[in-house]
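**Student:** Each chain, written out:
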Amino acid sequence: DSGVTQTPKHLITATGQRVTLRCSPRSGDLSVYWYQQSLDQGLQFLIQYYNGEERAKGNILERFSAQQFPDLHSELNLSSLELGDSALYFCASSGTGVTEAFFGQGTRLTVV
Amino acid sequence: GIQVEQSPPDLILQEGANSTLRCNFSDSVNNLQWFHQNPWGQLINLFYIPSGTKQNGRLSATTVATERYSLLYISSSQTTDSGVYFCAVSRAAGNKLTFGGGTRVLVKP
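Residue numbers (my numbering), protein chains in the order written: chain G, 950 to 1061; chain F, 177 to 285.
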């Protein structure tokens, strides 16, 4: 158990819909990262939050947004979903001054 | 950005065999991690190894930071070692990880 919790594990939704993925980092970790794993793109960094503030942005679509709350949990919002958004979405966390990242079990999103 | 290349892309092993997976990266790094993605999709931390050598049971890893590569050794492979092995690096503390394309390992009984 990595200590990073993601919910839900699986999500099936229709095109055009909006979903929210949730992540609780390891206790004490201030950094939260979101990654997308699709068959054709591999593991891609989406966005990072540190103690509530956006810290870095990667290949995140405008239809996607994220936030980190005062209790340090994070949510990734995906809207106007397309078939190509079907993927495994991972959350990871790391501590201050420690660079090792730990990953949650992922949310498998299927858009039909 | 930094480039990470893993080789070989695929590996088929007979149970009990040894193997070496390689990760090359294009710039100096502060963090290098090896992960095992199991058939259920979970990413399991194997090693945090920005430099030096570490061992954990049948697995060991070596990173030669000055030459920008890392090696993961699997000895006496078991069917449970099957899955995809990823190398990931970051250039500074607290930075995002950049992943290689992975090595898909199949261990046959």
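Calculated directly from the structure, the hints in this document are not laboratory data.
Where a beta carbon is used, it is the ideal one built from N, C-alpha and C, also for glycine.
Check before you lean on any hint, since a few could be wrong.
Claimed, not checked - Not close to chain F: a few residues of chain G, all C-beta gaps over 12 Å, as computed:
1. 956
2. 963
3. 965
4. 973
5. 979
6. 980
7. 992
8. 1004
9. 1011
10. 1024
11. 1037
12. 1043
13. 1049
Said to hold, decoys possible - Far from chain F, by Cβ distances over 10 Å, these chain G residues were calculated:
14. 976
15. 1033
16. 1045
17. 1054
Unchecked claim - Pulled a few chain G residues facing chain F out of the computed Cβ check, cut under 7 Å:
18. 952
19. 977
20. 982
21. 1044
22. 1048
23. 1052
24. 1055
**Student:** The structure should be examined with respect to each hint, and the outcome stated for every one.
**Tutor:** Going down the list of hints, with the structure as the test:
1. Distance check for residue 956 of chain G against chain F: the nearest CB is about 15 Å away, which clears 12 Å, and the non-interface claim stands.
2. Distance check on residue 963 of chain G: its Cβ is at least 23 Å (rounded) from any Cβ of chain F, clearing the 12 Å threshold; non-interface status holds.
3. Residue-level check passed: residue 965 of chain G sits 26 Å from the nearest beta carbon of chain F, beyond 12 Å.
4. With a cut of 12 Å on Cβ distances, residue 973 of chain G stays outside the contact zone with chain F, its closest approach being about 16 Å.
5. Annotated as non-interface, residue 979 of chain G brings its C-beta within 12 Å of a C-beta of chain F; the closest such distance is 9 Å.
6. With a minimum CB-CB distance of about 6 Å to chain F, residue 980 of chain G fails to clear the 12 Å threshold, and the non-interface call is violated.
7. Separation of residue 992 of chain G from chain F is inadequate, the least Cβ-Cβ distance of about 4 Å not exceeding the 12 Å criterion.
8. Against the 12 Å criterion, residue 1004 of chain G falls within the reach of chain F, whose nearest CB is about 8 Å from its own CB.
9. Distance check for residue 1011 of chain G against chain F: the nearest CB is about 19 Å away, which clears 12 Å, and the non-interface claim stands.
10. Remark: the non-interface label on residue 1024 of chain G is consistent with the geometry, its nearest Cβ contact in chain F lying 18 Å away (cut-off 12 Å).
11. The non-interface label for residue 1037 of chain G is inconsistent with chain F: the shortest C-beta to C-beta separation is roughly 6 Å, within 12 Å.
12. With a least beta-carbon separation of about 7 Å from chain F, residue 1043 of chain G fails to lie farther than 12 Å from that chain, contradicting its non-interface assignment.
13. With a least CB separation of 4 Å from chain F, residue 1049 of chain G falls inside the 12 Å interface cut-off, contrary to its annotation.
14. Annotated as non-interface, residue 976 of chain G keeps its C-beta farther than 10 Å from every C-beta of chain F; the closest such distance is 16 Å.
15. For residue 1033 of chain G, the condition that its CB be more than 10 Å from all CB atoms of chain F holds, with the nearest at approximately 19 Å.
16. Remark: the non-interface label on residue 1045 of chain G conflicts with the geometry, its nearest Cβ contact in chain F lying 8 Å away (cut-off 10 Å).
17. Chain F draws residue 1054 of chain G into its interface by the beta-carbon criterion, the shortest separation being 5 Å against a cut-off of 10 Å.
18. Annotation: interface hint on residue 952 of chain G violated; nearest CB of chain F at approximately 11 Å, more than 7 Å.
19. Interface restraint check for residue 977 of chain G: the shortest CB-CB distance to chain F comes to about 14 Å, outside 7 Å, so the restraint is violated.
20. Interface hint at residue 982 of chain G: satisfied, since its Cβ lies 6 Å from the closest Cβ of chain F, which is below the 7 Å cut-off.
21. A least Cβ separation of about 9 Å between residue 1044 of chain G and chain F goes past the 7 Å threshold, and the interface hint is therefore violated.
22. This hint holds: residue 1048 of chain G has a C-beta 4 Å from the nearest C-beta of chain F, less than the 7 Å allowed.
23. At about 4 Å, the closest approach between the beta carbon of residue 1052 of chain G and any beta carbon in chain F falls short of 7 Å, and the interface hint on this residue holds.
24. Below 7 Å, beta-carbon pairs count as interface contacts, and residue 1055 of chain G has one with chain F at about 5 Å; its hint therefore holds.
Of the numbered hints given earlier, the model fails hints 5, 6, 7, 8, 11, 12, 13, 16, 17, 18, 19, 21; all others are met.
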